[in-house]
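Protein chains: 2
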Amino acid sequence: MKQSLLFVPTLKEAPKDAEVKSHKLMARAGLIKQTSAGVYTYLPLAQRVLRNIEKIIREELDARGCSEMLMPALQPRDLWDESGRWDQYGPELMRLKDRKERDFCLGPTHEEIVTHAVRDYINSYKKLPLALYQIQTKFRDEMRPRFGLMRGREFIMKDLYTFHENQEDLDVWYQSMKEAYTAVFKRSGLETRIVSSDTGQIGGDEADEFMVMSEVGEDTISYCMSCSYAANQEFSGLKEGDACPRCGGTIKTAKGIEVGNIFKLGTKYSVSMNAYFTSREGKREPVIMGCYGIGISRTLMASVEQHSTDDSLVWPEELTPFDLHVIPVNYRDQEVIDNVDAFVKRLEMDYRVLVDDRDERAGVKFKDADLIGVPYRIVIGKDFKDGKVEFFDRYEGVKEVIDLESLESRLKTLYNKD
Amino acid sequence: MKQSLLFVPTLKEAPKDAEVKSHKLMARAGLIKQTSAGVYTYLPLAQRVLRNIEKIIREELDARGCSEMLMPALQPRDLWDESGRWDQYGPELMRLKDRKERDFCLGPTHEEIVTHAVRDYINSYKKLPLALYQIQTKFRDEMRPRFGLMRGREFIMKDLYTFHENQEDLDVWYQSMKEAYTAVFKRSGLETRIVSSDTGQIGGDEADEFMVMSEVGEDTISYCMSCSYAANQEFSGLKEGDACPRCGGTIKTAKGIEVGNIFKLGTKYSVSMNAYFTSREGKREPVIMGCYGIGISRTLMASVEQHSTDDSLVWPEELTPFDLHVIPVNYRDQEVIDNVDAFVKRLEMDYRVLVDDRDERAGVKFKDADLIGVPYRIVIGKDFKDGKVEFFDRYEGVKEVIDLESLESRLKTLYNKD
Numbered sequence: 001m002k003q004s005l006l007f008v009p010t011l012k013e014a015p016k017d018a019e020v021k022s023h024k025l026m027a028r029a030g031l032i033k034q035t036s037a038g039v040y041t042y043l044p045l046a047q048r049v050l051r052n053i054e055k056i057i058r059e060e061l062d063a064r065g066c067s068e069m070l071m072p073a074l075q076p077r078d079l080w081d082e083s084g085r086w087d088q089y090g091p092e093l094m095r096l097k098d099r100k101e102r103d104f105c106l107g108p109t110h111e112e113i114v115t116h117a118v119r120d121y122i123n124s125y126k127k128l129p130l131a132l133y134q135i136q137t138k139f140r141d142e143m144r145p146r147f148g149l150m151r152g153r154e155f156i157m158k159d160l161y162t163f164h165e166n167q168e169d170l171d172v173w174y175q176s177m178k179e180a181y182t183a184v185f186k187r188s189g190l191e192t193r194i195v196s197s198d199t200g201q202i203g204g205d206e207a208d209e210f211m212v213m214s215e216v217g218e219d220t221i222s223y224c225m226s227c228s229y230a231a232n233q234e235f236s237g238l239k240e241g242d243a244c245p246r247c248g249g250t251i252k253t254a255k256g257i258e259v260g261n262i263f264k265l266g267t268k269y270s271v272s273m274n275a276y277f278t279s280r281e282g283k284r285e286p287v288i289m290g291c292y293g294i295g296i297s298r299t300l301m302a303s304v305e306q307h308s309t310d311d312s313l314v315w316p317e318e319l320t321p322f323d324l325h326v327i328p329v330n331y332r333d334q335e336v337i338d339n340v341d342a343f344v345k346r347l348e349m350d351y352r353v354l355v356d357d358r359d360e361r362a363g364v365k366f367k368d369a370d371l372i373g374v375p376y377r378i379v380i381g382k383d384f385k386d387g388k389v390e391f392f393d394r395y396e397g398v399k400e401v402i403d404l405e406s407l408e409s410r411l412k413t414l415y416n417k418d
Numbered sequence: 001m002k003q004s005l006l007f008v009p010t011l012k013e014a015p016k017d018a019e020v021k022s023h024k025l026m027a028r029a030g031l032i033k034q035t036s037a038g039v040y041t042y043l044p045l046a047q048r049v050l051r052n053i054e055k056i057i058r059e060e061l062d063a064r065g066c067s068e069m070l071m072p073a074l075q076p077r078d079l080w081d082e083s084g085r086w087d088q089y090g091p092e093l094m095r096l097k098d099r100k101e102r103d104f105c106l107g108p109t110h111e112e113i114v115t116h117a118v119r120d121y122i123n124s125y126k127k128l129p130l131a132l133y134q135i136q137t138k139f140r141d142e143m144r145p146r147f148g149l150m151r152g153r154e155f156i157m158k159d160l161y162t163f164h165e166n167q168e169d170l171d172v173w174y175q176s177m178k179e180a181y182t183a184v185f186k187r188s189g190l191e192t193r194i195v196s197s198d199t200g201q202i203g204g205d206e207a208d209e210f211m212v213m214s215e216v217g218e219d220t221i222s223y224c225m226s227c228s229y230a231a232n233q234e235f236s237g238l239k240e241g242d243a244c245p246r247c248g249g250t251i252k253t254a255k256g257i258e259v260g261n262i263f264k265l266g267t268k269y270s271v272s273m274n275a276y277f278t279s280r281e282g283k284r285e286p287v288i289m290g291c292y293g294i295g296i297s298r299t300l301m302a303s304v305e306q307h308s309t310d311d312s313l314v315w316p317e318e319l320t321p322f323d324l325h326v327i328p329v330n331y332r333d334q335e336v337i338d339n340v341d342a343f344v345k346r347l348e349m350d351y352r353v354l355v356d357d358r359d360e361r362a363g364v365k366f367k368d369a370d371l372i373g374v375p376y377r378i379v380i381g382k383d384f385k386d387g388k389v390e391f392f393d394r395y396e397g398v399k400e401v402i403d404l405e406s407l408e409s410r411l412k413t414l415y416n417k418d
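Going down the list, the sequences are from chains A and B. My numbering applies: residue 1 is where the first sequence begins, and numbers increase by one. My numbering applies: residue 1 is where the second sequence begins, and numbers increase by one.
Because the hints were derived from the structure by calculation, they are not lab data. Any given hint could be a false lead.
One copy or any two copies: either way a pair holds, since identical chains are not told apart in the list.
DSSO-like, lysine-lysine: derived pairs with alpha carbons at most 27 angstroms apart [what the hints assert, rightly or not]: (1) LYS126 to LYS2; (2) LYS178 to LYS382; (3) LYS2 to LYS255; (4) LYS55 to LYS345; (5) LYS24 to LYS100; (6) LYS127 to LYS16.
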């Protein structure tokens with residue numbers, strides 16, 4: 001892919017309202033562009049990373065028997081009246097009327113829609129379990145949108161809903177989804193900690209949050225430094241350094257960014273919205289539900305927060321928008337252009353390659369490349385006519401001049417290709 | 001994939017408001033579920049087909065130098081005031097206020113947002129051309145939502161915007177995108193006809209629409225039966241059987257479903273929204289734009305319309321949600337289950353397999369399979385213990401009993417695998 005066509009509007013200065021490192025860097029690296037408070041366009045580089053995160057999520061969920069669907073953003077009031085949430089939800093719920101003055105909201109979550117979708121179908125225990133997810137845009141009219149993608153008003157979520165005939169089956173799936181989440185965040189290059197938490201207004205019994213430890217996190221969590229156990233309810237009132245009620249270890253307090261959460265919803269929606277099935281014993285029972293979210297746009301931001309300095313970024317392996325960044329320091333003479341293009345074409349047979357074809361000074365190209373964050377960089381300079389390039393492994397911070405044959409075997413090793 | 005986990009709520013009867021064949025069939029086949037007038041959930045089978053259409057679009061556009069991004073649905077009034085469309089647009093535009101009483105709309109198209117995104121960047125001819133697209137949910141509050149996905153209020157579009165330094169460059173890209181669209185619809189198994197058309201309220205010079213000929217189309221188009229030329233403006237007033245002004249051929253009138261359109265927008269948005277660049281001659285000029293849409297959910301529906309009868313559907317090769325549908329007529333004894341599962345596991349190494357693991361009568365399974373529309377079906381009956389299955393090629397309408405070795409080579413031939 002030619003960088004001139006990709007649209008990467010890098011900036012020298014971050015916008016004034018950007019307070020945290022990742023927000024500043026995402027704006028400067030040409031990843032996002034704000035259109036109104038808390039509402040962003042994901043520019044091509046960010047979109048490529050989002051699609052990588054989505055791919056990981058789909059793989060981990062599909063492998064565990066989940067099915068993907070796509071529900072609408074426009075949700076009719078009648079379904080929200082059934083669940084009671086139309087009146088319960090505050091001004092975060094974006095409401096609107098259609099041309100016939102009927103009430104709608106823009107979905108912040110989809111419990112009502114998914115329960116409506118399945119309730120006629122799940123008439124028997126034979127139709128259970130079901131695990132349905134979507135990757136979709138959500139809306140929440142935050143009082144104070146801030147920190148870029150961290151607290152936005154329009155954001156991308158993966159939301160999953162599971163349906164069960166009994167508590168034991170929910171427990172099995174809940175555990176399986178916990179493992180899926182752990183795998184998703186690990187593959188996304190994020191270190192997360194699981195915190196047991198309140199269920200808040202979604203209701204239900206048990207819940208866990210996946211937190212990325214970060215100075216800019218908005219949630220304060222407490223965990224035991226000895227046994228790593230973290231439970232906000234149990235530790236409420238305890239301060240850093242206090243003894244832990246569980247094992248006598250010491251309490252540590254830190255900030256976290258919540259990137260995922262899983263809830264045992266129970267029968268809140270099935271009872272209020274009449275989603276009943278006939279059990280193995282022939283009894284009519286409300287279906288038992290679980291719900292599971294991942295903030296995809298927030299995961300993108302958390303990844304930038306974890307993998308950047310003030311002026312540079314290196315994407316984790318599975319999230320990087322390109323495998324290789326080829327930078328010809330002189331891309332003017334037709335002969336050089338032809339040779340570089342042929343070289344890139346060969347690389348593109350095996351790798352996703354970004355080539356900086358712009359007529360810019362080398363310094364400009366390098367600064368932009370630091371922001372763009374591709375982990376392996378190939379600089380094409382004067383030695384190229386002698387079959388040599390500079391190879392920069394940004395994970396290791398090592399630069400070396402290398403001949404094209406060695407480059408090939410190096411890349412094969414790095415990407416496990418033969 | 002096990003059918004019991006996929007969530008395919010097939011129905012015996014279509015909903016009462018379904019008027020056209022494809023809408024009835026999509027509801028009966030468990031592809032879509034209405035949540036309010038003109039607003040649908042895409043159930044797992046439909047989502048798989050949508051993702052196939054999206055993959056084709058991405059491949060054809062990326063190969064021609066386009067970059068994918070993702071713009072927000074929530075659009076602030078101030079940008080629509082710049083273009084003048086806030087006042088021009090009728091009640092189809094869904095409007096809402098946020099908690100601070102600021103005006104927003106839900107985007108029916110994204111000219112304002114994309115022009116805002118690029119205008120600071122494209123300060124020089126060196127930054128042009130650019131071709132930016134997204135696959136995203138759109139909103140239009142239709143007076144009479146109908147025909148299922150054909151005229152919905154929330155729908156999935158691919159919208160692409162191109163930016164050029166002069167008319168010649170726009171012409172080159174316009175032609176290239178026309179070719180991309182032709183490829184997209186051909187690969188999607190749709191026969192389309194290109195019709196030159198009015199530009200309507202988007203404004204600009206030249207426009208073409210991609211129409212799928214269909215009895216249920218909402219647009220009437222006229223074309224010459226001799227030269228295949230179709231131009232609504234030129235033919236306005238001409239009736240079926242009239243002589244064609246171009247070549248003397250005969251005019252034919254037919255109904256069409258518009259699945260794509262391409263416009264030469266010109267400078268309407270760049271002038272009103274101040275998107276100027278410095279030309280090669282050092283002059284400040286408004287950037288020249290093109291815009292290009294594909295109705296993705298509508299393409300799904302047009303495909304169902306073209307490839308179905310009242311009770312059955314066969315997906316085109318590149319759209320089918322699965323390659324193979326395996327139907328064990330008896331899936332009860334543990335020994336049979338184990339053998340079938342092992343057989344499916346081997347197939348899944350090379351193909352996307354749906355296996356009907358439900359405890360249902362064979363007749364029910366076959367009827368559902370006809371609706372689900374997978375082109376190749378493998379029925380596992382009593383002969384399976386002797387190494388034989390029934391293979392049903394639904395494209396050809398041919399069923400035959402076949403041994404497992406022949407099945408393997410047959411599938412390799414059909415899918416060009418070796």
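Cross-check of the supplied hints:
1. LYS126 to LYS2: Answer is between; shortest inter-copy Cα gap is 13 angstroms, intra-copy 53 angstroms.
2. LYS178 to LYS382: Neither: 52 angstroms inside a copy, 41 angstroms across copies.
3. LYS2 to LYS255: Neither way: LYS2 and LYS255 sit 40 angstroms apart in one copy and 42 angstroms across, limit 27 angstroms.
4. LYS55 to LYS345: both (25 angstroms within a copy, 22 angstroms between copies)
5. LYS24 to LYS100: between (43 angstroms within a copy, 26 angstroms between copies)
6. LYS127 to LYS16: between (54 angstroms within a copy, 25 angstroms between copies)
Comparing the model with each earlier hint shows violations of hints 2 and 3; every other hint is respected.
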